[in-house]
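Student: Residues per chain are reported as follows:
Number of protein chains: 2
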Amino acid sequence: MQKLDYSAQDKWPRTSGNMQSPIALSDDLAIKNDFQTSLSFDYDYTANYVRDTGAGIEVGLKGHAQLGNRPFTLKQFHIHTPSEHTINKQAYDAEIHFVHEASDGRLAVVAAMVEAGHKSATYEAVLQHMNETTDFDIPVNDIMPEGKEYYHYIGSLTTPPLTENVEWYVLKTPVTLSQEQITHLMAFYSHNNRDLQALNERPIVSSN
Amino acid sequence: MQKLDYSAQDKWPRTSGNMQSPIALSDDLAIKNDFQTSLSFDYDYTANYVRDTGAGIEVGLKGHAQLGNRPFTLKQFHIHTPSEHTINKQAYDAEIHFVHEASDGRLAVVAAMVEAGHKSATYEAVLQHMNETTDFDIPVNDIMPEGKEYYHYIGSLTTPPLTENVEWYVLKTPVTLSQEQITHLMAFYSHNNRDLQALNERPIVSSN
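Residue numbers (our numbering), protein chains in the order written: chain A, 798 to 1005; chain B, 798 to 1005.
No lab work stands behind these hints: they were computed from the structure.
Which copy? The list can't say, so a pair holds if one copy fits it or any two copies do.
Okay, derived cross-link-like pairs now, BS3-like style, lysine-lysine, Cα gap no bigger than 27 Å in a straight line:
| id | residue 1 | residue 2 |
| --- | --- | --- |
| 1 | K859 | K800 |
| 2 | K829 | K859 |
| 3 | K945 | K829 |
| 4 | K969 | K916 |
| 5 | K969 | K886 |
| 6 | K800 | K872 |
| 7 | K969 | K872 |
| 8 | K859 | K945 |
| 9 | K969 | K859 |
| 10 | K886 | K945 |
| 11 | K859 | K872 |
| 12 | K916 | K872 |
| 13 | K945 | K916 |
| 14 | K859 | K916 |
| 15 | K916 | K886 |
These numbers were taken from a predicted model, which means no experiment stands behind them.
Sequences and hints are given; from them, build the entire structure.
Tutor: What follows is the structure, given as structure tokens:
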């Protein structure tokens, strides 16, 4: 047994970069959750900015959420086209990321998949306030599905700095934008989805 | 606004290494916890191995814990001399790390500070089974304080691979080994405590 050299701490190897997002989610890989918990949300219906960050359209929105039996605060949501995660090998037209932070600095992202269907009043409101920093009403519930079943795993931000300390909750039930809205969204960003990353033996937890 | 280049993802900058452990904990820096929670433990009283890992003496012990309203499974505990964390600028003679894992792979370490005082029956039992892989009884409660108040922050393992995804719960109430036991422990490792790492604006949460 070789002793760890505490006099050469700056030479210790450090592992990072193997817990990245997005990933390919699947029921085949998923394990069941081992404790009683459900996602709950209390989001405001008033947004306070819309900006194009260079990585996507981002909307300032406040609110609270209980994720895995702990409280989180909503910071913003933003949109990727097409989806970043896949579910059972299926990609979606878009993926909305609700970014939360806990009091200890822990980040959690709730992801809603988007498919073509009913027109979204939230997306219409967002479009009307592009690059504005004024408050405006959004229904928000039309981009958060009623069904809150999810896949959960530990990953990263999907844009630089790709920080690895992120709890992911990817909702199984998609929401809808109209085909016209999706086409419009892709005029802004036709491809701002990061490549799928290696799972590297991370557990995927399924909520049911 | 410059758009993020999705065609050159391999060149995206990645930040890591700024959420390391141990750190200097202090009441001056700590914020109050924003939700009701307490640490609870259900550890076995039977250990199954003792080994010198090269980074310290490690004891195989099973059990369960509720940390921040989520369930974790105990993997092992090990000992650093002197302590790795400091509390209000005070270092301790040793620090015991109880290493836990959740079903999603999340790691959590509960740390108990050690000062000179009553002799520990647990440490005596550990010594008697050094480098053995047989089951043996340990009281374990004598190295886990009755008072479960803690400092919490997000950090890393303190030995390679220094993985950053670790919830820390550093107990405020120390436990004791006899001075003779501490002297004996330091004959194995006089200095297996990692240097204090930069806080880098991470929140420190206090349980009360």
